[in-house]
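Q: Below, each chain spelled out in residue letters.
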Amino acid sequence: MSKCIAFHSYKGGTGKTTIASNFAALLAKKGYNVFLLDLDVYAPSMQSYFKKEPKKWINDYLYSNAELDDILLDLTPTISEKNYDGAKNKNHGNGKLWVAFSNSKKEEIYKLEGGTGGGGGGAGKQDTSKIQLLRRFILLREHLISQYDADYIIIDTSPGIRYWSINALAVADTLFLTLKMGDLDIEGTRKMADEIYGSFTKFGAKSYLLLNRVDGYCVPLESFDTKRLSSSASTTGNTKAGTTITPATTNLTDNTHSISSERSGLPTSREHGYSEVIQTLSNNVRMNVISAIPCYCDIQFSRREYLTALEHPGHPFASKVEELIKSMEAI
Amino acid sequence: MILFFHQVRIPGISRLMNRDSIPDSMLLLTGTAGSGKSIYCRQFFLEGINHGDYCIYVSSTLTDKQYRSQFNSISEIDLNNNSKFINPYYYKDIDPSKKLSITVDEIRGIITEIKNSSNKKRPGRFDIKPEISKNKDNGPEGSSMLLIVDSLTHLLAIFGEKAVETFVTDIYYLLKMFEVEAIFTLTTSSSNEYETNRLSSIFDGILEIKLEERNQTFTRNIRLLSIKGLHHNPTWIRFDITSEGSLTFGEHLHSLVCYLCKDPIFDVPVMYSDLPFHSSHLDIYMKLAGAYGFHIVEVGLASEVINANFFFVDIVGLSDPSYSVTKQREKIENLNNLIISCDAFNQDDKKIILPTGDGMVIGFLLNPELPIQLSIQLHQKLRDYNAEKSNGDVIGVRIGLNSGSVFTVNDVKNNQNYWGPGIILARRIMDMGNNLHILIADILAEALIALKDEYKTSIKSIGTYQVKHGQSIKLYSAFSKDFGNPEIPARKDF
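Chains A and B, in that order, give the protein sequences.
Here the numbering used here is used: the first residue of the first sequence is 35, the next is one more, and so on.
Here the numbering used here is used: the first residue of the second sequence is 13, the next is one more, and so on.
No lab work stands behind these hints, which were simulated from the structure alone.
Among the hints, erroneous ones may be present.
[Unchecked claim] Below, simulated EDC-like cross-link-like pairs (lysine to aspartate or glutamate); rule was C-alpha separation at most 20 Å, straight line: (1) A:LYS225 with B:GLU458; (2) B:LYS362 with A:GLU147; (3) B:LYS486 with A:ASP219; (4) A:LYS360 with A:ASP207; (5) A:LYS240 with B:ASP295; (6) A:LYS45 with B:ASP454; (7) B:LYS486 with A:ASP228; (8) B:LYS393 with B:ASP494; (9) A:LYS214 with A:ASP228; (10) A:LYS45 with B:GLU458; (11) A:LYS225 with B:ASP454; (12) B:LYS486 with A:ASP217; (13) A:LYS139 with A:GLU176.
Isolated chain B, as found in the complex (with noise of 0.2 Å):
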């Protein structure tokens, strides 16, 4: 039989990188324990087996019958005919410090012996036993070398580290003299980023499995995370092991996708809120984040910016705990109602209406006297609302207004809402104010005092407020004998 040296299939390579083969590399397979990396190789083994490959398998962790019987669907005579197993620990009347490069050695014996038979048939190609190529589908054409170390990290304990990197790059150029295709496993942990990151650069790429339990069910996952010479999308690819000891391979799994540009992330991913941002990606978001608002975490980015004019209110006093759940929301239901009725609300204005739970918050997209004629007309309605009540249920009022953007959202439940710096702002505003106050911020209290005369007598400037996160603020109040509260708002520690 007749065997090339050229490209050699690993398993699941169809998925993994979307072709059938690579060219012969030398990989190391990285995965926590227990993730499946000794099935994998085994896997390979019998692949490479079954497809006329010659294999080598190095274990510090088998002895002979234990590897025999891991591969006891292979016959005897092939697998004494077409593979050789190597437990360097066993060399005996050997210098434990002499084991590995021993272990090279024979390596190099049995490559060398096999090339040489190839030779004597035909030059360049290997020829291995006859028997073997009755058992092939594919025919002799196809057939390589293979190696399997599994695993460094029991050859790391026994022999230390100096050792296993001398052997390792020793068999990386043994393998490229001679074109072998060979999978090392190493354990990684939190303790040895350093060893697998030293060791990892001696390889031509990396193979990756990881482990995972949801809901007391494993999954494992696979991606050829790097190949060297081969420009490639690493993807997890599922992939689970049979009651016969198999692998089968599953669909692409979606590696992390950053949130913001929603294309896959191959390096290191940066995480904020759980989220995963390609690194360059994370700063650009803050800065819509901010800009638009940070709960966009939760509803994603905003689509449109509105400028309108904002009336924020809220009910004084409403979290009193003398008071009744039922007896709160009386006092919403009225307060809603009494607004509902008041004209400037009727207007024919496009606006924006948010609940806020002990008030609202109303946007006028186009007229800027709107929300000061609302608070006007809800403060007379209020007057004589609250002379026909008792103390306890009198509706006490706190209006914040403002000029400003808002951007679009969608929210939990995929409804449009708003948020934003003209909002905040209101907000903000009417958190200074007691009750009856109408504070005003400056951009609007100074484009109606500019619009009318009445205003100029009504709106009277307060002074400069500190709001949260240390903003300045310029106040206007709104009052006369009729509405507002001519005292000045006491000034709050934020």
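Looking at chain A on its own, in the form it has when it is part of the complex (with noise of 0.2 Å):
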């Protein structure tokens, strides 16, 4: 049974993209085929991390200028390469990771906003161009289900209430509302859930709060301990000058959550005063929380992307990000 997921949020930088490429990749170590799609259509970032130039773009399939085979990216390798420290990654059983790109040229971009080059209608009429490239998207889907054999296909959505984020919320099955601790953020995604994911839910979509950032770890990268560390699902410790800090875990029952933290003198979620926002919105939009990725400086302020889930498996960021299928698999 094919799962699309989609990561979506109320506005850019919540991570969106970061969690679904490491989601992706990971899922398919476990063995899984797995096809993310980019359909941060106004902003695509993808591509940065995996630092491969398709000859077709998700795009050129929209306009029917590409077929499925032009589009995808076997990224496979990518999973089995080297790390940093020279260990090979396994993949466990025969997981294929299959990415397909958006095209980040400004024509390109005001082609998908606009719906024009498809023969689309003049002034004052509706430009069906632009239905016809939903058609195409939906299209997509069924073929990566059924001709693809996909277990799973994740989106990367574009942020907020716009054409193609609603298309793609449409066409999953399970929705990530991803969001990082502010009050903008917050209430934002307060509102966005009010206006649409109601339409989602009442029609057999999941949704889930998937928080982001919720905690500040200043470690330097050299100090995970990648061999010790492993990259179970369990809850994470890692070490510093001696020190055990434990991330913040989420606690995720029916429509309730807390945030607790053990730590050693880390701020946490609870002492910033975001615990009882988090479950009053949690409450209001109807949504439990399905993990709580604290924030890592090392990804944070790193100068390029890169597949942290892959490159350091030992990195708690890589644990939650287990975590997080763990709990998508139980969905």
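Bring the two chains, given one by one in their own frames, into a single complex with the hints.
A: So, in structure tokens, the structure goes:
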């Protein structure tokens, strides 16, 4: 049974692409046939995580200028490539990772936004070409399931309420609404969930809040002992100068959750006063929290994008993504 | 004449499958009573005879005389030499429970005899009486054997379900041994779905005829619903019955097309508002409809998302039955003129304007201040206007303001229109108010308060209200001595 998961947010910069890319890579490592789609068509950035140039883009497929084979990059070797420390990642089973990117050229973005180039309607008339693009997008999902035997289709959506974010959410069966711990994000998320999420959940979608950057851990990358830190889904401890640090963990129950922290002098969500806010948000929007991922300075302030879960499998972020996968598998 | 056991044509096959023939198959032809199954079988028979095939015709509804009568276009000699009619009911002195098995035996005997006579001359091929070959356009090379059983429905009525199942199964294996093309007919109705399903599983494929009546005219369509070992897209083909009783096949009719993806539906469609969907697409459509507004059922899918700042106004009490239609129209026109005369309306801002009958909605695409500015200016103009009017001519209005998304859709005349949560909530907010209320959704009110100090004094929170469908909304009311209504609106039950 294929599963289609959309990562969405109220505004940009919540970490959707980072989490979605790592999430897809780890799913493939676990042996699944995974298709990662960059549907952040207005500001695509996923390509920077994989550093591969496709011959054709999702845009080409939507405009019927390419077939699925043309836009899908088989990045399975990525999940087995050597780590920075020379250790070999294991690809358990026969997992595959396929990625399709959106074109970041401004004219391509304009074209998708305006729906031109496909024989669309004239002034004063509905631009029917956009509907054709939507139909093509639905076909893409169908073919990934029926012809490519997808276990998971992971969609990185555009933030907010926009044409392509709504379309992406509509074809997905599981929605992860990603947000950072900030008043603007929380309030925007609440309003957006009120406005459109009810339509999706009413007709079968399951939606969850995915908290990102709930706590800060300014830990040098070198301090992560990848040999000692397993990337299992259990609560992860990491070592910094002999101090055990346990990131915040999220206890999930039906429509109730709490953020608790066993910590060593680090600020927590509770301390920031966000715990109650999140509880209220969760109740208001009737969504459970699927996971809470702390902020890691080495990722946040890295000058380049990379797949932390693959390059540093001992990193607590990798553990958090694995936790997210386990939670998702249990849905 | 030499007959080959190989691919055989069924009537209309080139239209049904875009190919000239299919492998030897035992097909079930279904359809309601009167749909044309027997006439289709007749065509199958005639084309077979004309092509040099040997045909066995099994029917419990025809007498031998009736059988000959329906094929009177074929000479008596050809009919005798190249076909065999069997009515299982007419076996004399046979236990009725054994009549179908006797029929199978007779069919086996005929086929074996022909096979043996064929083997004497050329192993693996039939040799049928030479008289036939002189009539054949295509010569003997493409000839085969055909079996028609018309109808299983009647056999079921006479011999019962178990006997007929056994009969069909025995025939199936017999035909597989000898590679004979066969069509069995079955009349479908709502009461025999179970039997139809059980029997259809025995066959290689299913032909389906549907009869439709429109404007007192009957139309017939046929499709090859499935065929083992061959992939194809079942498509309804129209066919007509000529006055001579032969069939003519028309162009492809579109099979049901999914309203969402516009692709044909080959499995069982799911219907919503009389629209067909692929079973996996209805949920997606409903999600899109929920997000874009359910009137996309009439106008199609949205193509654009626009964020705007909405001003929704209507005339209070306009539907009062004491007002004449003329009076109502005057009030609407006067309100429109007052709105158009406001500076805020004429600001250089892209806007959406939609009439709503007793008011209008205006969506300002750029400036979030314009809805409140327009409300204030309209109230000031209304105050002057109403001061000169008698009670019956006074215009009272209520206003709802909101910021949110709307979607571009086509209306029934294919004109561009807008719909979505931004407008819907503005309307619901307006509905909470009474005369002179300017009610504002929190998202817009808080943005305005943050924008200018003057709004801090004129826009006040009035608490959380429940609007339709249990949706809660934090409302603000704009008022001063010159505009608005300082009274707290009554909470309404939805």
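Q: Work down the list of hints and note, for each, if the structure agrees.
A: Evaluation of the provided hints:
no.: 1; hint: A:LYS225 with B:GLU458; in the structure: 13 Å, holds
no.: 2; hint: B:LYS362 with A:GLU147; in the structure: 18 Å, holds
no.: 3; hint: B:LYS486 with A:ASP219; in the structure: 18 Å, holds
no.: 4; hint: A:LYS360 with A:ASP207; in the structure: 17 Å, holds
no.: 5; hint: A:LYS240 with B:ASP295; in the structure: 13 Å, holds
no.: 6; hint: A:LYS45 with B:ASP454; in the structure: 19 Å, holds
no.: 7; hint: B:LYS486 with A:ASP228; in the structure: 13 Å, holds
no.: 8; hint: B:LYS393 with B:ASP494; in the structure: 11 Å, holds
no.: 9; hint: A:LYS214 with A:ASP228; in the structure: 18 Å, holds
no.: 10; hint: A:LYS45 with B:GLU458; in the structure: 19 Å, holds
no.: 11; hint: A:LYS225 with B:ASP454; in the structure: 10 Å, holds
no.: 12; hint: B:LYS486 with A:ASP217; in the structure: 17 Å, holds
no.: 13; hint: A:LYS139 with A:GLU176; in the structure: 27 Å, violated
Hint 13 alone, counting from the list given before, is not met by this structure.
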